[in-house]
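Trainee: Take a look at the letters that make up each chain.
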Amino acid sequence: MTGLLQTLILGILIGGVYALLASGLTVIFGVMRIINIAHGALMMIGAFVTYTLWRDLGLDPLLGVVITVVVMLAIGWVLYLVTVRPVRRAPVTTSVLLTFGLAFFLEGVMGFIWGNNAVAARPSYVDASISLGRFYVPQALLFGFLLAIVIMVILQLIFSKTWLGRSIRASASSEDAARLVGVNIPLVAAMTFAIGAASAGAGGSIISIMGSFLPGMQILWITRMLSIVVLGGLGSVPGAVVAALILGVGESLVASYISPRWAPALSVLLIFFILAVRPQGLLGTKLREDVAQ
Amino acid sequence: MLAESPAGRATPLGDGRAICLKGGFVRKRPVSLILLVFAAVLAVAVFAMACGEETTTTTSGAATTAPTAPATSETTATTAGEVKPIKIGTSLPLTGARSVPGNAAKMGYEVWVEMMNEKGGLLGRPIELIVKDDASDQNIIVADYNALISQDKVDLLLGTFSSLLVLPSSAVAEKNNMVYITPAGASPQIYERGFKKIFMSQQSLAPDAGKVWANWIAALPEGQRPKTAAYPTIDDPFTAPVVEGIEAILSAAGIKTVYKDKYPEGTTDFDSIVNAIVAAKPDLIAHGAVFEDGVSLVRGLLKAGYAPTYLFQTTAPTQGDQYSEGIGAENTEGIFFHMSWAPEAKTPLNDEFIARFKAKFGEQETISEDSADAFAAGQVLAAAVEAVGSLDQDAIADWLHNNEVQTILGVLSWDEAGRPQGEMMIGQWQGGGVEIVLPKDLASTDTIVMKWSPKVLQ
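Just so you know, the sequences run in chain order A and B.
Counting from 93, one number per residue, gives the positions in the first sequence under this note's numbering.
Counting from 6, one number per residue, gives the positions in the second sequence under this note's numbering.
Because the hints were derived from the structure by calculation, they are not lab data.
Keep in mind that a hint or two might mislead.
The calculated label-pair distances, taken between Cβ atoms and stated as ranges, are [stated by the list, open to error]:
hint : chain 1 : residue 1 : chain 2 : residue 2 : range
1    : B       : K158      : A       : F364      : 42 to 50 Å
2    : B       : A400      : A       : T185      : 48 to 56 Å
3    : B       : S418      : A       : G207      : 31 to 39 Å
Glycine included, each C-beta is placed from N, C-alpha and C at the ideal position.
Produce the entire structure from the sequences given, and follow the hints as far as they go.
Mentor: Have a look at this one:
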């Protein structure tokens with residue numbers, strides 16, 4: 093029983109981090125109908141920026157997230173203008189191909205700047221744990237989890253309380269109607285992409301203290317994030333959160349009680365099942381592609 | 006659906022009517038053209054970076070490289086005049102998940118080429134090294150080796166890093182009847198395909214890599230001998246057989262296996278794996294690790310507050326500073342690993358290799374054994390080519406099957422399938438550095454730390 097509860101604790105914590113990582117990806121799709129395969133690469137850039145701030149300035153990675161987010165916001169904005177904007181109106185497959193290429197391009201840029209060597213940010217608490225009776229809670233994971241919650245709450249506040257958030261939601265609901273009421277669609281799209289990149293960067297800050305990382309790991313992360321987003325429903329943030337927790341806990345249980353070999357199969361099995369039973373994902377809504385385009 | 010209006014035309018919130026009146030039929034952006042241009046540019050860029058990165062290094066005796074010369078694309082003009090260089094080709098994982106050993110191997114090859122060319126090259130001709138980047142991908146490496154043979158028309162081949170990539174690339178070499186000397190590729194299955202021209206430039210294959218250590222553990226006095234052991238490993242053709250080899254010896258010695266499992270490549274969450282291992286309370290953990298997984302599992306153990314008496318890992322602990330930075334230098338004390346090379350080894354040319362490496366890449370650059378293995382692969386190739394006096398692939402292979410080669414790793418020899426016939430050394434992290442502890446006759450110290458002692462758990 094102790095083992096089971098310990099597994100659940102670890103699963104929920106890792107699920108919370110996954111939720112943050114996936115939320116930016118799903119928001120970008122929700123508003124722009126773009127599946128950003130470069131999201132994993134943006135996460136790794138965030139991790140490297142955080143690592144650099146920690147290494148050179150001694151800034152704690154979880155505090156450094158403030159700077160990382162600003163840097164990633166700018167990078168996201170530039171990337172949008174240079175690469176994504178020209179394909180905004182193209183079919184989804186085009187954006188998939190484009191961002192797929194972008195992901196590897198960014199991997200190359202990271203290799204050029206930081207090298208293809210593994211690095212890890214190691215603040216003092218990185219391998220410490222908090223003991224709760226017979227359980228342990230890894231501090232880095234706990235802090236990462238809490239930071240993920242804070243950032244998701246901020247994201248939620250932006251979406252629900254600000255003009256920008258309302259514009260983003262209006263654009264997601266109906267771009268034409270949003271334009272008719274005066275929403276600056278290109279600006280909103282750029283902001284959405286930049287916010288998505290910034291949330292990926294914040295996730296990268298957490299990744300930087302979870303273990304060693306190198307540019308090539310972007311593909312591992314994007315694979316998992318896509319699983320979560322599809323499972324939760326493309327475009328649905330609550331869906332991504334639920335799916336992330338299901339995957340986090342599910343994979344932990346499978347890794348502990350069946351075999352770590354089967355842990356990645358869980359996401360594939362869940363996606364297979366959900367696509368057969370509820371193609372729009374757990375909390376997704378059906379796209380009206382019949383008339384929308 | 007309406008097309009997007011040009012940027013800047015939209016009016017502020019609440020002024021929607023104006024936009025209707027002004028906008029009318031909104032101009033449609035010529036998306037397809039821009040799209041095509043961007044797709045083309047990006048495709049070329051990505052192709053160049055991910056698949057086709059090619060570095061050519063030709064150094065000559067007259068050309069000396071600055072001490073801090075970068076490891077990337079450098080082309081130094083040969084001064085050998087009309088003499089046609091010998092082209093040697095390889096494809097390494099310079100990017101992607103295996104980029105750590107890939108880049109280390111590239112450095113080793115470059116040092117070897119530089120030292121060879123200073124001595125007059127091979128068969129009196131300068132060596133031109135062509136390095137492609139396979140991005141740690143099995144499909145790309147097949148394309149790379151095919152291109153090296155058919156387009157670049159290389160005279161000789163050198164191998165790549167990690168068994169996963171040696172498996173397909175050695176098949177391309179064999180099909181083209183070319184000798185393939187590889188610095189890595191210790192998975193037994195590589196040598197079970199009846200190939201005649203593959204040779205590995207390390208001392209032993211994976212199942213025997215941890216043999217010296219396992220025999221030492223099995224022979225410990227009763228009070229020090231562990232009673233239980235855990236064997237986690239990444240699902241990799243190299244690491245899994247190492248761990249199985251250790252388990253076979255320890256099980257025969259009565260040490261009970263309490264955990265044994267494989268996790269797939271790409272696993273990022275090690276806390277749950279560690280959770281299951283800790284629940285089994287092993288006295289010894291023999292971990293088949295590549296790199297990140299090695300760091301992550303150790304960190305998972307630290308977080309769980311669990312330190313087994315004996316901790317052995319493959320590969321990861323050989324990566325010097327990257328490993329100690331990953332788990333914290335203060336937590337490395339007592340970790341065992343197998344190693345093919347050590348800076349302290351008193352083998353011919355070893356000191357010159359180290360000096361040249363430091364001169365070329367900087368004093369602060371740690372020399373990984375992967376660089377030394379690559380250097381040794383070059384030594385093996387050169388010895389065979391010089392001995393037969395030609396580039397005849399059959400003659401080179403025959404010679405290697407029947408002779409020994411002195412390298413910086415020691416003397417290497419091979420059986421009929423290209424399996425090396427020696428024994429790996431066992432290293433241990435001690436006082437923030439690495440010592441050779443086994444076998445005793447090669448040991449750099451008499452001390453063996455008898456317990457893994459991470460500072461964070463003290």
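Trainee: Do S418(B) and G207(A) keep their Cβ atoms within the hinted range of 31 to 39 Å?
Mentor: holds (36 Å)
Trainee: Between A400(B) and T185(A), does the C-beta distance stay in 48 to 56 Å?
Mentor: Holds: the Cβ-Cβ distance is about 53 Å, inside 48 to 56 Å.
Trainee: Does the Cβ pair K158(B), F364(A) satisfy 42 to 50 Å?
Mentor: Taking Cβ atoms as reference, K158(B) and F364(A) lie about 47 Å apart, which means the hint holds.
Consistency note: the structure conflicts with none of the earlier hints.
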